[in-house]
Amino acid sequence: MKKFMLLLVCLLAVCSCAYAETDSEYVKAKGVLVVGITDFKPMDYRNEAGEWIGFDADLARAFAESIGVKVEFQEIEWNNKILELDGRNIDCVWNGMTLTSEVRAAMACSNPYCNNAQVVIVPAASAKKYDTVESIAGLNFAVEHGSAGNEQATLHGFKCTEVQDQASALMEVASGTADAAIIDSLMAAAMVGAGTGYENLTYTVSLNSEEYGVGFRKGSDLVYALNAFFEAGYADGSISKLAENYKIQAALIKQ
Amino acid sequence: MSILEVRNIRKTFGNIEVLKGITFTLEKGGVLSVIGSSGSGKTTLLRCLNFLERPDDGVITVKGEVLFDRNDPKTLHESQIRRKRLHFGLVFQSFNLFPQYTALQNVMLAPELFMKENHTWNAEKARLADEAEELFVQIGLADRMNNYPHQLSGGQQQRVAIARALIMHPDILCFDEPTSALDPELTGEVLKVIGKLSEQNTTMIIVTHEMEFARDVANQVIFMDGGVICEQGEPHELFGNPKEERTKQFLMRYNQK
Amino acid sequence: MEVIIQQLPIVIHALNIGFMQTLKLFAVTLLGAFPLGLIIAFGSLSRIKIISMTTGLFIWIIRGTPLMIQLLIVYYFPGLVLHNPIWGGGESGRFMAASVAFVINYSCYFSEIYRGGIQSVPVGQQEAGLVLGMTKKQIFFHVTLLQMIKRIVPPISNEIITLVKDTALARIIALQEIIWAGQAFMKGSYNISGAIWPLFFTAFYYLVFNGIVTVMLAGLERKLDYFR
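Protein chains in written order, with this note's numbering: chain A, 10 to 264; chain B, 45 to 301; chain C, -17 to 210.
Only chain A is shown next, with the shape it has when bound in the complex (with noise of 0.2 Å):
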């Protein structure tokens, strides 16, 4: 019994000490910086040959680069990704993270660099029917568990089935299982109507507007250091001309 309360008190004392450097010390020791996405064109996706690309994806990469370590992909579960997070299995959260209040509270977020809005898919046969929020107060929604579209479904009263993620809530649309989705105005543009998989779906009302930001583990130092590399890639057109390439430059943010 000794030996066991022993054991215990060693276990306490383990979990208890915090991690004595900071975070940048932490990623530059082990070389790599560790970026948590989910497949979301056109922030990160992957090309023909199975790279990530993507707006965020090669943001992140030029990120690492300046900081002078490598940077690595890692798909995740967009429900753990604070678990992911806190439990150092990731570093960052980049992938077109809206910056709500929630996640503010469980991150280090970066200044905002994109702005988008929680826009409202429906059939494109049905479009004209629904193109205001009065219209559509009486439809089934599909949102994505935890995201923006689901705190704008709720703050607006609507009836909504809440599922794994963005493509998921298309999917339901797209099926006839849910009258409408809410999800983001960037995604929208890059996966829905004529030349996507989804030709039949469109995007009528907007219901926010918001932004984009990065998302470090809570105290992490690595904020400012992205903030800096933000402001200087701006100032040089850099970002710009990235954005351009996936024709998202019109909701750029000012660094």
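FYI, nobody ran anything at the bench for these hints, they're computed from the structure.
Hints are not guaranteed to be accurate.
[Stated by the list, open to error] For lysine-lysine, the following DSBU-like pairs were computed, each having C-alpha atoms within a straight-line distance of at most 35 Å:
1. Lys118/C / Lys107/B
2. Lys72/B / Lys240/B
3. Lys128/B / Lys31/C
4. Lys292/B / Lys64/B
5. Lys147/C / Lys118/B
6. Lys118/C / Lys72/B
7. Lys128/B / Lys118/B
8. Lys64/B / Lys118/C
9. Lys79/A / Lys6/C
10. Lys263/A / Lys250/A
11. Lys160/B / Lys118/C
12. Lys250/A / Lys168/A
13. Lys119/C / Lys160/B
14. Lys205/C / Lys160/B
15. Lys6/C / Lys39/A
16. Lys169/B / Lys6/C
17. Lys240/B / Lys118/C
18. Lys287/B / Lys72/B
19. Lys205/C / Lys37/A
20. Lys37/A / Lys250/A
21. Lys205/C / Lys118/B
22. Lys118/B / Lys118/C
23. Lys6/C / Lys147/C
24. Lys160/B / Lys118/B
25. Lys236/B / Lys287/B
26. Lys31/C / Lys169/B
27. Lys72/B / Lys107/B
28. Lys168/A / Lys147/C
29. Lys168/A / Lys256/A
30. Lys119/C / Lys72/B
31. Lys236/B / Lys118/C
32. Lys118/C / Lys128/B
33. Lys118/C / Lys31/C
34. Lys205/C / Lys147/C
35. Lys107/B / Lys119/C
36. Lys169/B / Lys118/C
37. Lys287/B / Lys118/B
38. Lys119/C / Lys128/B
39. Lys31/C / Lys64/B
Using the hints, position chains B and C against chain A.
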């Protein structure tokens, strides 16, 4: 000198005393029949001799060596039990052949493992195979050696079980109601094999309900009742002129059947 | 249809990569859980009270909680609570964590099947071995084991087929098995967005693989049919 001396064996399960002090001796080459009604402790006695049960009291001596003495801790080590068991062989009522092996493999398995353990397998395997085949001739199943147990009749299976026990060369071969699980027409072939063994001076203890056989094959009979030896003696005395009232009643019940 | 034919090679390629993870997890789980399950079965059959009770408690906890929670605990607990992220963030670490959780979970299920199998071998078999002077170990390996295997093939087959499909649960810690790979095409990667059919196409992989597994297990059952 007796080959086996059993003194004051007691065994209790829960609060039922199954053996209440059993004492007897057996001469080399002798055949002992144990009779008695179900629950009289016959099977438990055999299981104690084969170290499948540990007696609560008593002494077992084979060829002058004390194998078990409840009051002598030196004789109680678990590690010694295996060697001591080999003094005895046991043929079960339900045969207990290993179903995944052929008749021949059943007979060969235990000695084979034993020899492999002692690194004598390569030197002895030819001799062992010959011996096994001889045993199959002896039990009249030379043509069925390569059959699996489920392909044999009950009587054939029991004969294989006897061969399996014989190949270990036990000092004393025990039978626990060897024909009780057999159809009546199959008991003869098994009893014939046991009878032949007695002619070859094999020392045996036979628990059986076959009274006629018990009388013919044995030179000594024990009648057990309620965990004690009620009467013992030579077969013609015990069967022909029983002294105890309980023996008489028991034999009468059998004669009526 | 035309679009699907165009997409097919890319999709098959990505699904194959995902399916390799599924297969690897399947194989590692079986290789680990077969022997570990036997050890746990011996633990629960132990005559030493403290061992059998501890084992019983362990089996109760593992069988009584969802595999999904176990995956989350195995993967996140070291980093979150012990401040020592032993698995790392990469795919290989996730695979190792998933393997550990699956092996432990399936060992417990296997152990109960083994226990039933061992107990269903008549005690006379063991006694016959004992009176022939065999050791307990010899009796287990040369007498009991094969009879036990024969008896447990049908229930183990059930577990194995369930395991093939359970591997999909590992996606909760972002192990990129085949369903994860199938869903990627809804999200815009590989220049394919909104393609839903690959997700459903993954069912075909499971079906074919389970077909092969079923045939192999039926073969094993037939092989053991020579004795009763």
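Here is what the structure says about each hint:
1. Lys118/C / Lys107/B: holds (27 Å)
2. Lys72/B / Lys240/B: Since the Cα atoms of Lys72/B and Lys240/B sit roughly 16 Å apart, the hinted pair holds (cutoff 35 Å).
3. Lys128/B / Lys31/C: Holds: Lys128/B and Lys31/C sit about 29 Å apart, inside 35 Å.
4. Lys292/B / Lys64/B: Status holds; Cα separation ~21 Å.
5. Lys147/C / Lys118/B: violated (58 Å)
6. Lys118/C / Lys72/B: Cα-Cα ~31 Å, so holds.
7. Lys128/B / Lys118/B: holds (13 Å)
8. Lys64/B / Lys118/C: holds (30 Å)
9. Lys79/A / Lys6/C: holds (28 Å)
10. Lys263/A / Lys250/A: holds (14 Å)
11. Lys160/B / Lys118/C: Satisfied, since the Cα-Cα distance of roughly 16 Å is no more than 35 Å.
12. Lys250/A / Lys168/A: Violated, at roughly 41 Å.
13. Lys119/C / Lys160/B: holds (14 Å)
14. Lys205/C / Lys160/B: holds (27 Å)
15. Lys6/C / Lys39/A: Status holds; Cα separation ~28 Å.
16. Lys169/B / Lys6/C: Violated - the C-alpha atoms of Lys6/C and Lys169/B are around 45 Å apart, more than 35 Å.
17. Lys240/B / Lys118/C: Holds. Lys240/B to Lys118/C sits at ~33 Å (cutoff 35 Å).
18. Lys287/B / Lys72/B: holds (27 Å)
19. Lys205/C / Lys37/A: Roughly 59 Å separates the two Cα atoms, so the pair is violated.
20. Lys37/A / Lys250/A: Status holds; Cα separation ~28 Å.
21. Lys205/C / Lys118/B: With Cα atoms ~48 Å apart, Lys205/C and Lys118/B exceed 35 Å; violated.
22. Lys118/B / Lys118/C: Cα-Cα ~22 Å, so holds.
23. Lys6/C / Lys147/C: holds (13 Å)
24. Lys160/B / Lys118/B: holds (29 Å)
25. Lys236/B / Lys287/B: holds (30 Å)
26. Lys31/C / Lys169/B: With a Cα-Cα distance of about 43 Å, the restraint between Lys31/C and Lys169/B is violated, given a limit of 35 Å.
27. Lys72/B / Lys107/B: holds (9 Å)
28. Lys168/A / Lys147/C: Answer holds: Lys168/A to Lys147/C is near 33 Å, not above 35 Å.
29. Lys168/A / Lys256/A: holds (33 Å)
30. Lys119/C / Lys72/B: Since the Cα atoms of Lys119/C and Lys72/B sit roughly 33 Å apart, the hinted pair holds (cutoff 35 Å).
31. Lys236/B / Lys118/C: holds (34 Å)
32. Lys118/C / Lys128/B: holds (15 Å)
33. Lys118/C / Lys31/C: With Cα atoms ~20 Å apart, Lys118/C and Lys31/C stay inside 35 Å; holds.
34. Lys205/C / Lys147/C: Within the cut-off at roughly 26 Å; holds.
35. Lys107/B / Lys119/C: Holds, at roughly 29 Å.
36. Lys169/B / Lys118/C: Given pair Lys169/B, Lys118/C holds - Cα atoms ~23 Å apart, limit 35 Å.
37. Lys287/B / Lys118/B: With a Cα-Cα distance of about 41 Å, the restraint between Lys287/B and Lys118/B is violated, given a limit of 35 Å.
38. Lys119/C / Lys128/B: holds (18 Å)
39. Lys31/C / Lys64/B: The hint holds at about 31 Å.
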